[in-house]
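When the letters of the sequence shown are read in order and numbered with full-length UniProt numbering, they come out as residues 1 to 51.
Check before you lean on any hint, since a few could be wrong.
Quick list of in silico lysine to any residue cross-link-like pairs, SDA-like style, CA-CA up to 25 Å [as the list claims (entries may be wrong)]:
1) K23 with V12
2) K23 with F38
3) K23 with F34
4) K23 with E13
5) K23 with L36
What the hints contain is simulated information worked out from the structure, not anything from laboratory work. Owing to the predicted nature of the structure, the values given are computational and were not obtained by experimental measurement.
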Amino acid sequence: LSAIPYVGTTLVEWIWGGFSVDKATLTRFFAFHFILPFIVAALAVVHLLFL
1 LSAIPYVGTT LVEWIWGGFS VDKATLTRFF AFHFILPFIV AALAVVHLLF L
């Protein structure tokens, strides 16, 4: 994400909570980790609908 121009650094700091690992960072990481498969599945369903 840090390679994205202009907003990359901001995205990294928002997702990771800066560059330190603490409880809030881990909670956010696990939340993303949990919801990502559902997002991928939803996008796959939308893709199949438009085939």
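Now the hints, each set against the structure:
A threshold of 25 Å between alpha carbons decides the hint, and for K23 with V12 the separation of about 17 Å falls inside it, so the pair holds. Restraint check for K23 and F38: satisfied, since their Cα atoms lie roughly 24 Å apart, inside the 25 Å limit. Taking the CA atoms of K23 and F34, the gap is near 16 Å; set against the 25 Å cutoff, the hint holds. Restraint check: the Cα-Cα separation between K23 and E13 comes to about 15 Å, which is no more than 25 Å; the hinted pair holds.
Taking the CA atoms of K23 and L36, the gap is about 20 Å. The hint holds against a cut of 25 Å.
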